[in-house]
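Participant: Just so you know, the protein sequences line up as chains H and Y, in that order. Under my numbering, the first residue of the first sequence carries the number 140, and numbering increases by one thereafter. Under my numbering, the first residue of the second sequence carries the number 140, and numbering increases by one thereafter.
The set of hints was computed from the structure by calculation and includes no laboratory data. All values derive from a computational prediction rather than experimental measurement. Some hints here could point you the wrong way.
For identical chains, the list gives no copy identity; a pair is met inside one copy or between any two copies.
Stated by the list, open to error - Straight-line Cα separation of at most 25 angstroms, SDA-like style, residue types lysine to any residue; simulated pairs:
no., residue 1, residue 2
1, K284, A152
2, K265, D194
3, K149, P182
4, K238, Y215
5, K278, E257
6, K150, G281
Number of protein chains: 2
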Amino acid sequence: MAKLQKSIDKKNALVKATIELVNNNGFHAAPISKIAKMANVSPATIYLYFDSKQDLVNKVYLEVKTAYTNFAFATYDTEMSVQEGFEMIWKRIADFKLKELDEALFLSQCDNTPIIDEPSRQQGIKHLQPLLDLWNKGKNEGIIKPISDYLLYAYTISPLSFLMLMQQRNTLKITNETIEEAYQAAWDAIRL
Amino acid sequence: MAKLQKSIDKKNALVKATIELVNNNGFHAAPISKIAKMANVSPATIYLYFDSKQDLVNKVYLEVKTAYTNFAFATYDTEMSVQEGFEMIWKRIADFKLKELDEALFLSQCDNTPIIDEPSRQQGIKHLQPLLDLWNKGKNEGIIKPISDYLLYAYTISPLSFLMLMQQRNTLKITNETIEEAYQAAWDAIRL
DNA sequence: CAAAAAAGAATGAACGTTCATTTTTATTTA
DNA sequence: TAAATAAAAATGAACGTTCATTCTTTTTTG
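Kindly generate the complete structure, drawing on both the sequences and the hints.
Facilitator: Below is the structure:
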């Protein structure tokens with residue numbers, strides 16, 4: 140009964156503060172003291188919810204990753220055709236990365252640096268399985284190039300991370316047209 | 140005359156140590172003391188070569204970025220056809236990212252986090268101009284899709300960063316065949 | 001033997017974490 | 001139901017450590 144009694148609001152405030160500070164300042168400049176201040180909480184309170192700063196960051200990563208993939212696959216149905224299913228998932232992912240910019244940026248920073256530990260990273264990867272399954276189906280049906288999942292990912296999903304980053308740095312304004320062009324490029328890159 | 144007398148070897152050792160520590164431990168776990176130890180130098184000596192830790196990291200970034208683009212464009216000639224030129228540059232970049240893994244990983248970490256400051260980032264971007272020029276030529280000739288340079292970059296160069304990361308994490312073994320498939324996907328994504 | 005370069009020791013500030021208390025919430029008792 | 005008590009949650013201050021940087025001294029070099 141102990142843990143459930145603790146305020147979920149406080150935990151959420153800590154998660155939000157961590158994301159914001161890591162995004163804006165980097166992990167190296169996101170000390171516990173600042174996270175606590177931003178969440179309106181005592182530094183000591185953080186240790187009631189998390190074992191350590193590392194544990195905090197791991198858990199925030201997994202929480203955000205889960206929200207991300209849940210959103211991505213929410214409207215997807217394994218009965219869909221490969222092309223239809225891919226477009227659906229791709230556009231949901233694009234939607235998430237551009238609308239939930241903070242969360243997506245945090246994931247990107249975690250995925251490109253050693254700030255989360257290896258087990259958490261492995262855990263996070265698993266969530267993408269439905270997309271890999273779809274690709275296998277597409278390869279079997281001769282619709283998608285018979286190349287490794289890494290290449291398929293590199294040319295469809297990973298470009299979105301770059302575009303997201305450019306948008307956040309105010310270098311690029313992403314419109315519906317941009318999304319459509321990007322989707323077409325993604326599909327062109329992997330379709331047979 | 141002062142600066143020129145200082146040992147270039149020591150500076151290079153510091154650059155190398157910085158890259159290695161930031162790659163393996165992250166910027167947050169790459170303290171001056173460790174960088175100094177790894178370069179066989181006193182912490183105080185670092186301040187003879189750099190103004191601060193921030194200055195060190197900025198300069199390492201720009202130095203590596205310069206080496207990267209010098210390599211990328213070394214064999215490129217503006218007289219080449221668009222397709223030929225693009226293949227040349229793309230494959231040189233692939234070469235660099237996969238062979239000079241340490242340097243490329245360091246760049247990727249800098250490009251995805253706030254560890255370098257904004258002026259240095261802006262400076263680093265400029266080095267890619269020849270590629271943008273080539274793309275403009277390709278658009279004018281109706282060879283390349285008339286989409287923004289950001290999209291072209293997202294679907295040709297940025298996928299290489301993902302593949303590089305996967306290779307470093309021992310998740311993917313990149314062969315000549317992989318490179319050829321990746322190049323084809325890149326070209327398919329952006330050609331008209 | 002100067003002047004430059006490098007070293008190691010020393011500095012205050014800031015870090016993550018823990019500690020001793022206090023405040024809040026829930027449960028028991030009369 | 002009101003008061004008393006126990007438990008849980010939260011706190012600010014304090015801890016030892018480590019950080020980036022500076023200071024003083026030694027070593028190297030032309």
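Participant: Could you run down the list of hints and mark each one as holding or not?
Facilitator: Hints and how they fare:
1. Within a single copy, K284 and A152 get their C-alpha atoms no closer than 44 angstroms, and across copies no closer than 44 angstroms, so neither meets the 25 angstroms cut-off.
2. Only within a single protomer do K265 and D194 lie at most 25 angstroms apart by alpha-carbon distance; the minimum there is 19 angstroms, versus 39 angstroms between protomers.
3. In the homo-oligomer, the alpha carbons of K149 and P182 lie at most 25 angstroms apart inside one protomer (12 angstroms), although the nearest pairing across protomers, at 41 angstroms, exceeds that limit.
4. In this homomeric assembly, K238 and Y215 come within 25 angstroms of each other (Cα to Cα) only inside a single copy, at 19 angstroms, whereas the closest approach across copies is 39 angstroms.
5. In the homo-oligomer, the alpha carbons of K278 and E257 never lie at most 25 angstroms apart, since the shortest distance is 30 angstroms inside one protomer and 43 angstroms across protomers.
6. Taking the shortest alpha-carbon separations for K150 and G281, neither the intra-copy value of 47 angstroms nor the inter-copy value of 54 angstroms comes in at or below 25 angstroms.
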